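Visitor: Top to bottom, those sequences are chains H and E. Residue numbers for the first sequence, in my numbering: -1 to 124. Residue numbers for the second sequence, in my numbering: 145 to 402.
No lab work stands behind these hints, which were simulated from the structure alone. Keep in mind that this is a model prediction, so the values were computed, not measured. Take these hints with a grain of salt, some might be off.
What the hints assert, rightly or not - Simulated crosslink set (DSSO-like; lysine-lysine; CA at most 30 Å straight-line):
#1 E:LYS166 / H:LYS14
#2 H:LYS14 / H:LYS54
#3 H:LYS22 / E:LYS332
#4 H:LYS22 / E:LYS299
Unchecked claim - Some residues of chain E that are not near chain H, with every Cβ distance over 10 Å (derived):
#5 GLN230
#6 PRO281
#7 LEU369
Just so it is clear, CB atoms sit at the ideal spot from N, CA and C, and this is done for glycine as well.
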Amino acid sequence: MSSLVFLEHHGDELLKGSLGVLAKAATLGDGDVAGIVIGSGVRALADAAGTFGAAKVYVADDPQLEAPLPQPRVDVIAQLVRDKEIHTVLFGNSVLAFTPKDLRLVDSYTPENWEYLNAKDCHQHH
Amino acid sequence: MKIVVCVKQIPEGNSRIDPGTKRLDRGGEGALNAFDANAVEEALRLKDSTGEGEVVLLSLGPAKALDALRKALAMGADRAVLISDQAAAGSDLVATSYALAKALEREGADVVLFGQQAGDSDGAVLWAAVADRLRLPVVSQAAEITHADGKLTVKRQTEFGYDVIEAPLPAVVAVSDAINEPRYPSLKGIMGAKSKPQETVTLADLGVEADRAGEQGSRTEVSALNDPPARGDSKKIVDDDGNAAQAIFDFLAEKRLV
């Protein structure tokens, strides 16, 4: 059985919650654990994931994935699940991860709705 | 603009799991899920901002869930639809989202609003599943919603700040509990709620197939319930001689935390 962990990032860092899920998944000893990083300019983040127990890290790196929208990420993950016969997809607890997590649970998924969304502007401030 | 708000009646007070059925015990008093009150309030504000439209409540639950719907009607919603059917008992996310989606297809809403989570199970998943079934754009954790030119602009609250997201109508939005302060129903609203349209429909009325509802239509199963493990590594410090502060410090120092 193979597992895939959605490795969410912010800026040039993987989120601790995602890495915690990855580390936990690696200790379960239930087959291969892979991670996936999705975004724009995120290739370098894959190296960090290896130190937290990922046997393999998939990277979806495309300028179209820059906006922090869930649906394109669902699209990527769904394709990977189909192509690599992944049995379990694990997510950390975050605003962004909530939606792909939910959509994975639905039995009739097709990624038809992501293109309707448009991130107009993203403000990062506290 | 037609706005449908999906709401849930939850047990009042502390939730209890029935060990026999492994389901939430809904035998006691019920209340409108507090997070859903934020969604109702936002729907009323959206309706007010456009100057026309209708706010419809939609719920899946036992017949007594109408009590919770009446509270939302008293806040100002126009009518309520309750999906109530014994065959829906035990529905998980997959089955519930299917029934709600069927009802929403019938309603043909411009905007579908949800609260951010259920106050009983703390589930925060239904809105995305419903949006996926309806093939509609979905925005979660909305801290602000504005409507103009046939689209919604949503300020989404995240761990790092805010994202501003546009979505064409129809759309599904799950609102944050920080988006507004729900109004209290007025006496006039409470009295008026009784006479507002309240429709109860069955799964068959919506065209929900028998094998897609209840436990039969669910994809998850609760296999066991257990108490959390006892906290063994704890130490109680009683301040009976005025030295509690020192005792706490010594304890933390022993753990190398100070």
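Visitor: For every hint, state whether the structure bears it out.
Guide: Evaluated hints:
Using a Cα cut-off of 30 Å, the hinted pair E:LYS166 and H:LYS14 is violated, with the two alpha carbons roughly 33 Å apart. The hinted pair formed by H:LYS14 and H:LYS54 meets the criterion: a straight-line CA distance of about 18 Å does not exceed 30 Å. With a CA separation close to 55 Å, the supplied pair H:LYS22 and E:LYS332 exceeds the 30 Å bound. Simply put, H:LYS22 and E:LYS299 have alpha-carbon atoms about 33 Å apart, too far for the 30 Å limit, and the pair is violated.
The Cβ of E:GLN230 sits about 23 Å from the closest Cβ of chain H, beyond the 10 Å cut-off, so the non-interface label holds. Here E:PRO281 does not stay apart from chain H, with its beta-carbon only about 4 Å from theirs, under the 10 Å limit. With a minimum CB-CB distance of about 21 Å to chain H, E:LEU369 clears the 10 Å threshold, and the non-interface call stands.
Of the numbered hints given earlier, the model fails hints 1, 3, 4 and 6; all others are met.
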